[in-house]
Amino acid sequence: MPPLLEMRGITKTFPGVTALAGVTIRIDPGEIHAVVGENGAGKSTLMKILSGVYPHGSYEGTIVFDGAERTIRSIRDSERLGIIIIHQELALIPLLSIAENIFLGNERATAGVIDWRETHARTRDLLARVGLAESPRTLCGRLGMGKQQLVEIAKALAKEVRLLILDEPTSSLNETDSEALLELLLQLKARGIASILISHKLNEVARVADRITVLRDGACVRTLDCRDRTIAEDEIVRDMVGRPLTDRFPPRSATVGEPVLEVRGWTVRHPTQPDRSVVDGVDLTVRRGEVVGIAGLMGAGRTELAMSLFGRSYGRWTAGTMRIGGRPVDAATPRAAIDAGLCYVTEDRKHCGLLPDESIRRNIPLSNLEGIARFLVVDDHRELAVADGFRRRMAIKSPSVEQKTGTLSGGNQQKVVLSRALFADPRVLVLDEPTRGIDVGAKYEIYRIINDLAAAGTGILMISSEMPELLGMCDRIYVMNEGRFVGALPAAEATQEKIMHMIIARNG
Amino acid sequence: MTSVQDSRIPARPRAAAYLGFIHGHLREYSILIALVAIMAFFQVVTDGILLRPINLTNLVLQNSYIIIMALGMLLVVVSGHIDLSVGSVMGFIGALAAVLMVQFGVHFIIAGAICLLTGCLIGAAQGYWIAYFRIPSFIVTLAGMLVFKGLSLALLQGQSLGPFPEGFRLLSSGFVPDIPGVEGFNLLCLLVGAGLAAAMVVMALRGRARDRRHGTADEPVAVFALKHGLIAAAIVYLAWLMAEYRGLPNVLIVMALLIAVYSFVTGRTTIGRRIYAIGGNEKAARLSGIPTERLTFLTFVNMGFLAALAGLVFAARLNTATPKAGLGFELDVIAAVFIGGASMSGGVGTIMGAVVGAFIMGVTNNGMSILGIGIDWQQLIKGLVLLAAVIFDVTNKSRD
Numbered sequence: 001m002p003p004l005l006e007m008r009g010i011t012k013t014f015p016g017v018t019a020l021a022g023v024t025i026r027i028d029p030g031e032i033h034a035v036v037g038e039n040g041a042g043k044s045t046l047m048k049i050l051s052g053v054y055p056h057g058s059y060e061g062t063i064v065f066d067g068a069e070r071t072i073r074s075i076r077d078s079e080r081l082g083i084i085i086i087h088q089e090l091a092l093i094p095l096l097s098i099a100e101n102i103f104l105g106n107e108r109a110t111a112g113v114i115d116w117r118e119t120h121a122r123t124r125d126l127l128a129r130v131g132l133a134e135s136p137r138t139l140c141g142r143l144g145m146g147k148q149q150l151v152e153i154a155k156a157l158a159k160e161v162r163l164l165i166l167d168e169p170t171s172s173l174n175e176t177d178s179e180a181l182l183e184l185l186l187q188l189k190a191r192g193i194a195s196i197l198i199s200h201k202l203n204e205v206a207r208v209a210d211r212i213t214v215l216r217d218g219a220c221v222r223t224l225d226c227r228d229r230t231i232a233e234d235e236i237v238r239d240m241v242g243r244p245l246t247d248r249f250p251p252r253s254a255t256v257g258e259p260v261l262e263v264r265g266w267t268v269r270h271p272t273q274p275d276r277s278v279v280d281g282v283d284l285t286v287r288r289g290e291v292v293g294i295a296g297l298m299g300a301g302r303t304e305l306a307m308s309l310f311g312r313s314y315g316r317w318t319a320g321t322m323r324i325g326g327r328p329v330d331a332a333t334p335r336a337a338i339d340a341g342l343c344y345v346t347e348d349r350k351h352c353g354l355l356p357d358e359s360i361r362r363n364i365p366l367s368n369l370e371g372i373a374r375f376l377v378v379d380d381h382r383e384l385a386v387a388d389g390f391r392r393r394m395a396i397k398s399p400s401v402e403q404k405t406g407t408l409s410g411g412n413q414q415k416v417v418l419s420r421a422l423f424a425d426p427r428v429l430v431l432d433e434p435t436r437g438i439d440v441g442a443k444y445e446i447y448r449i450i451n452d453l454a455a456a457g458t459g460i461l462m463i464s465s466e467m468p469e470l471l472g473m474c475d476r477i478y479v480m481n482e483g484r485f486v487g488a489l490p491a492a493e494a495t496q497e498k499i500m501h502m503i504i505a506r507n508g
Numbered sequence: 001m002t003s004v005q006d007s008r009i010p011a012r013p014r015a016a017a018y019l020g021f022i023h024g025h026l027r028e029y030s031i032l033i034a035l036v037a038i039m040a041f042f043q044v045v046t047d048g049i050l051l052r053p054i055n056l057t058n059l060v061l062q063n064s065y066i067i068i069m070a071l072g073m074l075l076v077v078v079s080g081h082i083d084l085s086v087g088s089v090m091g092f093i094g095a096l097a098a099v100l101m102v103q104f105g106v107h108f109i110i111a112g113a114i115c116l117l118t119g120c121l122i123g124a125a126q127g128y129w130i131a132y133f134r135i136p137s138f139i140v141t142l143a144g145m146l147v148f149k150g151l152s153l154a155l156l157q158g159q160s161l162g163p164f165p166e167g168f169r170l171l172s173s174g175f176v177p178d179i180p181g182v183e184g185f186n187l188l189c190l191l192v193g194a195g196l197a198a199a200m201v202v203m204a205l206r207g208r209a210r211d212r213r214h215g216t217a218d219e220p221v222a223v224f225a226l227k228h229g230l231i232a233a234a235i236v237y238l239a240w241l242m243a244e245y246r247g248l249p250n251v252l253i254v255m256a257l258l259i260a261v262y263s264f265v266t267g268r269t270t271i272g273r274r275i276y277a278i279g280g281n282e283k284a285a286r287l288s289g290i291p292t293e294r295l296t297f298l299t300f301v302n303m304g305f306l307a308a309l310a311g312l313v314f315a316a317r318l319n320t321a322t323p324k325a326g327l328g329f330e331l332d333v334i335a336a337v338f339i340g341g342a343s344m345s346g347g348v349g350t351i352m353g354a355v356v357g358a359f360i361m362g363v364t365n366n367g368m369s370i371l372g373i374g375i376d377w378q379q380l381i382k383g384l385v386l387l388a389a390v391i392f393d394v395t396n397k398s399r400d
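Chains A and B, in that order, give the protein sequences.
Using the numbering used here, the first residue of the first sequence is number 1, and each one after it goes up by one.
Using the numbering used here, the first residue of the second sequence is number 1, and each one after it goes up by one.
In short, the hints are calculated from the structure, not lab data.
Each residue gets a CB set at the ideal place from its N, CA and C atoms; glycine is no exception.
Honestly, I wouldn't trust all of these hints.
[To be verified] In silico DSSO-like links for lysine-lysine, alpha-carbon gap of 27 Å or less: (1) K404(A) - K283(B); (2) K397(A) - K350(A); (3) K48(A) - K498(A); (4) K498(A) - K443(A); (5) K283(B) - K443(A); (6) K443(A) - K404(A); (7) K350(A) - K443(A); (8) K201(A) - K48(A); (9) K189(A) - K159(A); (10) K397(A) - K324(B); (11) K149(B) - K324(B); (12) K350(A) - K149(B).
[Said to hold, decoys possible] Covered stretches of chain A, going by a simulated chain B footprint (3 or more residues, C-beta under 8 Å): (13) 251 to 262; (14) 327 to 338; (15) 435 to 446.
Whole structure, please, built from the sequences with the hints as guidance.
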């Protein structure tokens, strides 16, 4: 069978960096081909070349699609060939309907006048093909992330897609939605549509991919064929990081002390729908040196709970008490929470965490500016010393602390946001999805930092959608569903199946 | 810049280090260089009129109220907002001052205090909706612009009102009394200029010594010496020129103090850091424990205060309050801030940049007036200067 796509000897350099060094990759018709690698390995660059973001001529090497050599100069060129990329951050316009979004730039029109009847009819067909039961007139802004992802795929189908590129499609989806999406990819495959799947979630990759290409430092390390044999995740990880990772979670010996955070009957109403309880009578306890996890599906109210504890930053608090270190705390603002010893690290570092145009040194002390100032005057040298200290301790990879945080990789950005919380010297640290969107190596380092903090006596409350992470890191796990805690398990007894059972039992 | 490493590698080729440093800091100096170039240009084409002592003094007096408001506007823009009402507020305060002093005979100090307090209240009234109700500042201050334009018309009943008491006029037209000495030359002015230059050099040297001790000095010696030498020389030269006329205008003292205070607050204090953080990413700032609402509110109160001060300065200078006072001034103020390198999206900008930006507008105005260029072309050229400055800034930024 002749290949659908071949990229041969692709080399792309940026000033001072070689992003890709002679990468060759082959995609067969109707296969799901996963591309994995650490952040900065060159996956995105390769896909940008294929989709025409980096035009022909700005790189070396050739692209052969459908048996002929192609020069792709723009996204329009690649789409004409049937190569469609769906970016990690979805590009749907929230105030337009599903149908308008699907046919945006590709309108069903004669002489500029849109034929709404045909547009809606075709949208209904496409939605049926992706298994989305929504009216074509629904505004995209009203859909959850999972459904928006499906609309993107429908949009690709409307353009007669032959090769679908998905960049981290499940990174912001919950387990059910991820499952549905992967299932859809398999259906498309059955209809002869090939896909390239870029993902950090190796369990998904191993499940649906026919072949896996591992990139490391801009070079193709290996292409594994999953049709012959089952590929173990550890094998992929070893290729990705270039060294065997004997253990994905660093070892830890917990010495758990007295309770440091005690929450009783915490209830929070939705900010705009006052009759809806988003968090409903939650009791929780975190002890000194303990890592406590909160498991649950997306929308279970975990982030809302955490933000509400952190100075009532979400919704309207209606009931509940909080004690930190045994003392009652009434923290109505983030400042009050930080002063009481509670810090929160956001799940959304881009929108709620970083000052992207400011340097690392300006970002780190933000929660505790008093710590680098005398009276009201900032001491530049103390600031520099503090920032540089964290850069070393956290192993933030950058030439200096003067680098703008917007240009750092996800893992390093996470370390900056984490440093900011640590500089405020918390007794309880709430971590919301602390390893979302960061690569295997950086994850391990974040885990190590968490363990060090716990060993030093900080209480850690950790929210994560990755169950292996919770199982690997936590001493105790609370299970949350629809605003309530539906169970608590010691780490020794917890398994993914037990947690899912607790969630489903409640739903059913 | 890789500051820490640089100073510890003595073997690095010098020329390359200089070039690298200058390249990295080009943006900091570019507007200052632009101002010097514009001044040089007009100095030549006006046959030296621009820097005549009397004209230089006028230049300061003419632009003082724009600069005073630019200081407040910079904080507003850095926090991610805009204030379109400052021109109208300034006119309204002038009218209020005239009514109090001329019609009711209130002593100018009491009247001045009432006016400044009113300015704060106006800022508070607008800032309240912007900060706590999240009404876009563009809308709130557009409304404010109309409201206060109307109020000053109502207050003055469409008429001009003046003259002001002598004591009040000294705010704008007065000069600091000279120390007895040389006849026809203001010794105090020169001494203050020389003292200021010396103080800046001493502070720069001490700062550098402190950086050295911490191993963070990254400026090459020649660049450091050249920069501070030139700035000191420029200050002494301008002081000399002004000494040849009537010496130090009172307004200049007020302005210089305000510039120093606002530079310090924005650049060196925790309050400054927090305002920049709000503009850089408001959600992140709030989750870092920064009281974003209160600070936004206060930046508008501060803006109202400075607009009121500018209104007093302007009224004292014209010696009369007119319903048209302050018309369109908000545009000059906003232009000054953006020419000075502030970013529309917030989080970026400096006080010195805004001051230099205001002088670029002021010198361009003044130079074109001397040349007898009509108001029509003046507007057009000012518009192009603003556009060019911002295009330069944006293209420079995207190259980083």
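Legend entry - Numbered hints the structure breaks, given as an ascending list: Hint check: 3, 10, 12, 13 and 15 fail, others pass.
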